[in-house]
Amino acid sequence: MEKLTFQFETNRIAAGNRKQAIIGVVASGNLEILLERSLPPGQCSIEIATAAHGFGPVWEAVLSDFVSRRAAGGLKISINDGGARPDTVALRLAQGVRMIEVES
Amino acid sequence: MSSWYEASARQRIDALTDPASFEEFIGPEDREISPHLSLFDLPEQFDDGIVVGRAKLAGKPILIAAQEGRFMGGAFGEVHGAKLTGLLRAARKLNWPVLILFDTGGVRLQEANAGEMAIAEIMREVVLARSEGVAVIGLIGGRSGCFGGGGLIAGCCSALIISEQGRLSVTGPEVIETNRGAEEFDSKDRALVWRVTGGKHRYLIGAVDRFVEDSGEAFRQAAVKALSRPAKLNIAVLEAEQKRLETRLSRFGALTEARDIWSTLGLLRPEAIPALSVDAFLAEGTAKRETADDAR
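Protein sequence lines, in the order shown, are assigned to chains A and B. The numbering of the first sequence is our numbering, which starts it at 1 and goes up by one. The numbering of the second sequence is our numbering, which starts it at 105 and goes up by one.
Each hint should be verified, as a subset may be incorrect.
What the hints assert, rightly or not - With a Cα cut of at most 25 Å, we get these calculated SDA-like pairs of lysine to any residue:
hint, chain 1, residue 1, chain 2, residue 2
1, B, Lys160, A, Met99
2, A, Lys3, B, Gly131
3, A, Lys19, B, Lys160
4, A, Lys76, B, Glu133
5, B, Lys292, A, Ser28
6, A, Lys19, B, Glu343
7, B, Lys164, B, Glu127
8, A, Lys19, A, Glu36
9, B, Lys164, B, Asp318
10, A, Lys19, B, Phe126
11, B, Lys292, A, Glu36
12, B, Lys160, A, Lys3
No lab work stands behind these hints, which were simulated from the structure alone.
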């Protein structure tokens, strides 16, 4: 497994008050994403464990795009990847942020 | 209508239980992951492929476990199994019924010994819970079916609910083919696989109690009905079950084709069974099927 960690700064704070959300399944071409509201509001950290080695630059591009488009400030995001394509990763990240935005 | 077959473990729990009533035990945030998978450099899942917790069903408290069939085929590993064992122990203490949403190929090969131990522990806990009157109800309709040790656990449950897509057995089609050859069992013959392990056949031979359409709502209604029945387990029930199985064996033991079994049951057009809708199938099959009640 390759482990990657990315730190982002953002002024877009995740909406809602849910403490956590989980989306997706670790299966071939899929991934699970656990989002936890546990960081200072201006930060977003993303940890990845993936079986597909050597795709760090692709992850960085997809995640940078995600942080610039969505309100992810304050979120600690943990990903278990089963070899998902970049479009699936982007979709699940968007779903995850949507889930944690819902008022509980 | 949401498909049970297509849903994830978490979506099934949402479809089954009263709104906002589910409270997870040892959730993904606890990261109670398998200690074995990293040794094989395999991906882990934060809940180890099973979601357990408490909820309400039609206003009454229940405990619930849902396997995620897409993660490692829903297979039982050490942590996965321990979560279900613990849930069953809690059920006995609380005297609350348990729903197990099976979706499993059996034991996870990478942690075989721990997985086999888990199956044995779970079977023991199911029997202990049932002997104290706790209902343990299995729901089968996921993409991985209910095979291997999952089939053994299902056999210990007080009631089983299945959909047409659901499959229930111990040795799965691919395993039979690998060991005995495609002449013995062709696992790529989907019609054959479903005639032998599928929901309709299991309902007709009395291996399951209820047959439902592939939707969360249908499983929910069937679970409510199943919970309204007593779930006792004592020596009289076991003796009645032994007799029931002996009768089944003497009736069908010499037959090698599911359609011959359906014909023996008195179904007039056995070849038409696989294509029947849920309602037509229940109208045709319910009066003629073998009883599934282990306490008759």
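- [ ] Mind checking the alpha carbons of Lys160 of chain B and Lys3 of chain A for me, to see if they're no more than 25 Å apart?
- [x] violated, 39 Å
| task | Measure nothing beyond the straight line between the CA atoms of Lys292 of chain B and Ser28 of chain A; if it is 25 Å or shorter, mark the hint as holding. | result | Given that 25 Å is the threshold and the Cα spacing comes to 21 Å, the pair holds.
Between Lys19 of chain A and Glu36 of chain A, does the CA-CA distance stay at or below 25 Å? holds, 6 Å
Measure nothing beyond the straight line between the CA atoms of Lys292 of chain B and Glu36 of chain A; if it is 25 Å or shorter, mark the hint as holding.
-> Roughly 43 Å separates the two Cα atoms, so the pair is violated.
- Task: For the pair we were handed, Lys19 of chain A and Phe126 of chain B, check the Cα-Cα distance against 25 Å.
- Result: holds, 16 Å
Check your understanding: Taking 25 Å as the top limit, are the C-alpha atoms of Lys164 of chain B and Glu127 of chain B close enough?
Key -> holds, 14 Å
> Regarding the pair Lys164 of chain B and Asp318 of chain B, is the alpha-carbon distance no greater than 25 Å?
Replying inline: Measuring from Cα to Cα gives roughly 24 Å; hence the hint holds.
Is Lys19 of chain A within 25 Å of Lys160 of chain B, Cα to Cα? Judged against 25 Å, a Cα distance of about 22 Å means the pair holds.
Is the hinted pair Lys19 of chain A and Glu343 of chain B satisfied, with a Cα-Cα distance of at most 25 Å? Violated - the C-alpha atoms of Glu343 of chain B and Lys19 of chain A are around 51 Å apart, more than 25 Å.
| message | For a C-alpha distance cap of 25 Å, please report whether Lys3 of chain A and Gly131 of chain B respect it. | response | Status holds; Cα separation ~22 Å.
- Query: Does Met99 of chain A lie within 25 Å of Lys160 of chain B when you go C-alpha to C-alpha?
  - Reply: holds, 22 Å
| query | Between Lys76 of chain A and Glu133 of chain B, is the straight-line Cα distance small enough, at 25 Å or below? | reply | holds, 11 Å
Taken one by one, the earlier hints fail for this structure at numbers 6, 11, 12, listed in ascending order.
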